[in-house]
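A.B. asks: Okay, here's what each chain looks like letter by letter:
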Amino acid sequence: MKRKILGSALTLVGLLAAGVWYYVFVYSKTHHRNVADEKGLFVQAGQIVKDYENDEAGANKKYLNKAIEIQGLILKKEKDQAGNTTITLKSGDPMANIFCTLKPGEASKLHGNQMLIKGICTGYLSDVVLNDAVVLKSE
Amino acid sequence: MKKVILPLFYLAIASVAANAQKVYATKAGQIKFNASSPIEKIEAVNNQVDSKFVDKSGQIVFSALIKSFKFENQLMEDHFNENYLESSKIPKAEFRGFISNIASIDFTKDGKYSVTVEGTLNLHGVPQKVSTSGTLEIVGGKPVIIGVFKVKIKDYGITGLYIGDKIASEAEISVNCKYE
Numbered sequence: 012m013k014r015k016i017l018g019s020a021l022t023l024v025g026l027l028a029a030g031v032w033y034y035v036f037v038y039s040k041t042h043h044r045n046v047a048d049e050k051g052l053f054v055q056a057g058q059i060v061k062d063y064e065n066d067e068a069g070a071n072k073k074y075l076n077k078a079i080e081i082q083g084l085i086l087k088k089e090k091d092q093a094g095n096t097t098i099t100l101k102s103g104d105p106m107a108n109i110f111c112t113l114k115p116g117e118a119s120k121l122h123g124n125q126m127l128i129k130g131i132c133t134g135y136l137s138d139v140v141l142n143d144a145v146v147l148k149s150e
Numbered sequence: 016m017k018k019v020i021l022p023l024f025y026l027a028i029a030s031v032a033a034n035a036q037k038v039y040a041t042k043a044g045q046i047k048f049n050a051s052s053p054i055e056k057i058e059a060v061n062n063q064v065d066s067k068f069v070d071k072s073g074q075i076v077f078s079a080l081i082k083s084f085k086f087e088n089q090l091m092e093d094h095f096n097e098n099y100l101e102s103s104k105i106p107k108a109e110f111r112g113f114i115s116n117i118a119s120i121d122f123t124k125d126g127k128y129s130v131t132v133e134g135t136l137n138l139h140g141v142p143q144k145v146s147t148s149g150t151l152e153i154v155g156g157k158p159v160i161i162g163v164f165k166v167k168i169k170d171y172g173i174t175g176l177y178i179g180d181k182i183a184s185e186a187e188i189s190v191n192c193k194y195e
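Keeping their order, the protein sequence lines are chains F and S. Our numbering applies: residue 12 is where the first sequence begins, and numbers increase by one. Our numbering applies: residue 16 is where the second sequence begins, and numbers increase by one.
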């Protein structure tokens, strides 16, 4: 009886160890956070920039590291040094806009100037910055 | 009268042009972070670096958001943000300083120059003096700054069980910014 319990306990520990190993070294390497699967917090381009300009710490509490859906007009489309497509959305404020780096493959969905995009807000530099963004609408 | 005024006018314009300073900027500069140890590869890249410098004074600023650093391993990225850099509390890192030998650079001619950059790096909310050498290259009239320097992780108040073990005690920071 004791041997049976010990045996099953050992099996359990072994399975657990294998699970942890798999999660840390295999799953985490191949599974990245995907903004497309997350519900986004909707905000107008002008509003998020205004929120950051008025109170950066408060805006970070509201937006930082969250999936944010932003509606706005495209001002610039460029490529960064790694070849990712970046777009700048107009806020209406000449001092700061929204700088978004698109996920690979999303650039082909850009058709028009009126945009609805969803990305992860990483904070505020000269512009409000979004990363890993997907294009929801472009007309 | 006209004969006197006109040359004066040209002189004024020429002197304004000669003294005008230019601010070079990018919002998509690149910084790589490497704290790999023999046991584990710990590398991240940030392609959303904001940087500006002034050609006359050599004044230079780099700003980077911690959450813009991307790791190959998502769990590593989460730990980097939550346990080490505490990016929800301190979302930004910034370097402010000077290119000390800016006067030796001819921005009108393509070429490669060695530069020395000195200033203060504010990482994890802790400011520390940093001095490093790098290159400034003029390519098609546009400057590119490349540099590598090391930071002792503990100097910035970053603590964690694995520093000096799985994580190198010194992280290598590589900067590569193309300016407009």
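Derived from the structure by calculation, the hints contain no laboratory data. Here a beta-carbon is modelled for each residue, glycine too, at the ideal position from N, C-alpha and C. The reader is advised that the hints may include incorrect statements.
Unchecked claim - The following label-pair restraints were derived from C-beta to C-beta distances:
id, chain 1, residue 1, chain 2, residue 2, range
1, S, Lys165, F, Lys120, 27 to 33 Å
2, F, Ser19, S, Glu101, 18 to 24 Å
3, S, Lys165, F, Ser137, 23 to 29 Å
4, S, Lys47, F, Thr41, 20 to 26 Å
5, S, Gly175, F, Gln125, 55 to 61 Å
6, F, Gln92, S, Gln143, 47 to 53 Å
7, F, Leu26, S, Glu109, 42 to 48 Å
A.B. asks: Quick one: are Lys47(S) and Thr41(F) within 20 to 26 Å, going by C-beta?
C.D. replies: 22 Å Cβ-Cβ, so the 20 to 26 Å window holds.
A.B. asks: 23 to 29 Å was suggested as the range; check whether the CB atoms of Lys165(S) and Ser137(F) agree with it.
C.D. replies: Holds, at about 28 Å.
A.B. asks: Can you tell me whether the CB distance of Gly175(S) to Gln125(F) sits inside 55 to 61 Å?
C.D. replies: At 45 Å between Cβs, range violated.
A.B. asks: So the hint says 27 to 33 Å: do the beta-carbon atoms of Lys165(S) and Lys120(F) match that?
C.D. replies: violated, 41 Å
A.B. asks: Could you see if the CB distance from Ser19(F) to Glu101(S) stays within 18 to 24 Å?
C.D. replies: violated, 41 Å
A.B. asks: Quick check: does the Cβ-Cβ distance between Gln92(F) and Gln143(S) fall within 47 to 53 Å?
C.D. replies: Between Gln92(F) and Gln143(S), where Cβ atoms are some 27 Å apart, the hint is violated.
A.B. asks: Range hint 42 to 48 Å: satisfied by the CB atoms of Leu26(F) and Glu109(S)?
C.D. replies: Holds: the Cβ-Cβ distance is about 47 Å, inside 42 to 48 Å.
When each numbered hint is compared with the structure, violations occur for hints 1, 2, 5, 6.
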